[in-house]
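The task is to assemble the complex, starting from two chains supplied on their own in separate frames and drawing on the hints.
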Amino acid sequence: MPAIGDEAPTFTLPDTRGALHELDGAPATVVVFTCNHCPYALAWHDRIINVATEYADRGVRMLAINPNDSERYPGDSTDAMRARVDNGEFDGVPYLRDESQEVARAYDARTTPDVFILDAAGILRYRGAPDSDHDDPAQNAAWLRAALDAVLAGHAAHPDETPPVGCSIKWKA
Amino acid sequence: MQVELLFWAGCPSYPKALADLRGALVEAGLDPDCVVVREVGSEIDAQAQEFVGSPTIRIDGRDVQPPNDEPTGLTCRVYRRRDGRVSPTPDPADLRDALHAASSMPSGRS
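In order, the protein sequences belong to chains F and P. Last residue of the first sequence: number 173 in our numbering, and the count goes up by one each step with no gaps. Last residue of the second sequence: number 110 in our numbering, and the count goes up by one each step with no gaps.
Be careful, since some hints might not be right.
[Stated by the list, open to error] Here's a subset of chain P near chain F, in silico, CB distances under 10 Å, partners left out:
1. Pro12
2. Ser13
3. Lys16
4. Cys76
[Claimed, not checked] Pairwise CB distance ranges, derived in the manner of DEER restraints:
5. P:Val36 <-> F:Asp24: 49 to 57 Å
6. P:Arg82 <-> F:Asp24: 36 to 44 Å
7. P:Val36 <-> F:Pro137: 29 to 37 Å
8. P:Arg82 <-> F:Met1: 34 to 42 Å
9. P:Pro66 <-> F:Gln101: 29 to 37 Å
10. F:Asp69 <-> P:Gly41: 17 to 25 Å
11. F:Gly154 <-> P:Val26: 50 to 58 Å
12. P:Val26 <-> F:Glu7: 51 to 59 Å
[Said to hold, decoys possible] Just a sample of chain P residues kept apart from chain F, beta carbon distances all over 10 Å, derived:
13. Gln2
14. Gly23
15. Arg38
16. Asp45
17. Asn68
18. Thr72
19. Ala93
20. Arg96
By construction, these hints were calculated from the structure, which means they are not laboratory data. Since the structure is predicted, the reported quantities are computational estimates derived from the model, not experimental observations. All C-beta atoms in this analysis are idealised placements derived from N, C-alpha and C, irrespective of residue type, glycine included.
Pulled out of the complex, with its shape left as it was, chain P reads as follows (with noise of 0.2 Å):
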């Protein structure tokens, strides 16, 4: 499983979000340090990574909560609790459940 971080450095969230991160990996009984983190530094790199704001969470390839027409760029990005609370980093509940259905699907299926 590939576990990525993107974030800019410009928006002071990725650190929960790193850390949320990693505990829903401890609690998925997978490796917490796994997580390869990426830093977006210009909008250039934004749009080739197709980063629309910052942290960008993806397992396997896939948004842990898809955009829609989002721009990409350097910016913080909007998430939704469960809630339906604005938050600047992702649900933990959404994190887990994209582990989870990451580590179900089928291998070389991502």
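Isolated chain F (complex conformation) (with noise of 0.2 Å):
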């Protein structure tokens, strides 16, 4: 279980597609565990996704995985991870697929959505929440920003580690 200021777990995921991703020494990842059928990940969802499209010009790189076992839960199948993919719903944001959950176990990934942000040598500077409210949207994922923008300026985040919010994750018996 990583800790703020370990190296992060390294992984190599296939997304909806079979496309191969893996962790590339982006200045700043985004890591952010979510799901298709949990209403915190939905209700964070645009939230984050905005994150990833506004701050792609400063090389930040955002990664979504879907751990949830498929099997007790469907609609968090391939399939349907392919679906909201093709529907635009990740504008761009790869969403890969954990189907053994050890990436999720690596990083004590809690519930979704979890958010982990690495910096450009793999070094986790924040952990948690992407802001204080699922269910207001003008918080705009702030606690997020936050963090980008201070990783993104060789600062600490502040605060680095706040309590993840959300569904839990659904392991495999």
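Okay, here's the thing in structure tokens:
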């Protein structure tokens, strides 16, 4: 389980078309564990994707990962993920499948969403919720944005850790 | 009037849903402590209670936002607010309307 300041686990995961993605040393990388069926993940979704769009020209890369057990929760199947991607809901952000759930376990991800920010060296700089209220779009992913601004400026994020809020990850039995 | 809130402990939304429900009861001049809160703890229990997610609120047996074809199961329920936003809890206006509709219904016809 990485703590703030630790090297984050590396991984290689497929997107909904089978292309493989891994950490590539971008100036900052947002790894967000999310899913299709959780109202918290859905409520925060546009705010998170907007961050990817607005920070792309500053070198920020975002990878969305769905780790849920799709046998018990068919709404999180790869087909259902692909449908959302094809519907334009991810605006170019790769939506990756963590079938073995090993990546979620390595990050100690707990909920959907659960957001992690890595710096260019792969060091974990932020972990938690995108902002303080899933129910208030005006929050605009403020914690995520502030942490990215700090990482891009070479500073520590404040806060650097907040409690993740959302649906529990659906672990396989 | 029978007011029930069914929840699954794995979803963190039910305290807010219960608070919103009690607030709507107060606004309607009803007893906020009349809510019967029941935990759904297993998939078998979910199936037996036709529980499609947490929280589920029923007034005189009617769901405040009747589900379409969602399967039963232990999960967080997706609600739509009146402005179109996705939310883990029902729109308080829907709670108020459901209470109003139930209280307007002739006794014994729920």
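Here is what the structure says about each hint:
no. : hint                             : verdict
1   : Pro12                            : holds, 7 Å
2   : Ser13                            : holds, 7 Å
3   : Lys16                            : holds, 8 Å
4   : Cys76                            : holds, 5 Å
5   : P:Val36 <-> F:Asp24: 49 to 57 Å  : holds, 54 Å
6   : P:Arg82 <-> F:Asp24: 36 to 44 Å  : holds, 43 Å
7   : P:Val36 <-> F:Pro137: 29 to 37 Å : holds, 33 Å
8   : P:Arg82 <-> F:Met1: 34 to 42 Å   : holds, 41 Å
9   : P:Pro66 <-> F:Gln101: 29 to 37 Å : holds, 34 Å
10  : F:Asp69 <-> P:Gly41: 17 to 25 Å  : holds, 18 Å
11  : F:Gly154 <-> P:Val26: 50 to 58 Å : holds, 52 Å
12  : P:Val26 <-> F:Glu7: 51 to 59 Å   : holds, 52 Å
13  : Gln2                             : holds, 26 Å
14  : Gly23                            : holds, 15 Å
15  : Arg38                            : holds, 20 Å
16  : Asp45                            : holds, 15 Å
17  : Asn68                            : holds, 13 Å
18  : Thr72                            : holds, 12 Å
19  : Ala93                            : holds, 14 Å
20  : Arg96                            : holds, 18 Å
Checked against the numbered hints above, the structure violates none of them.
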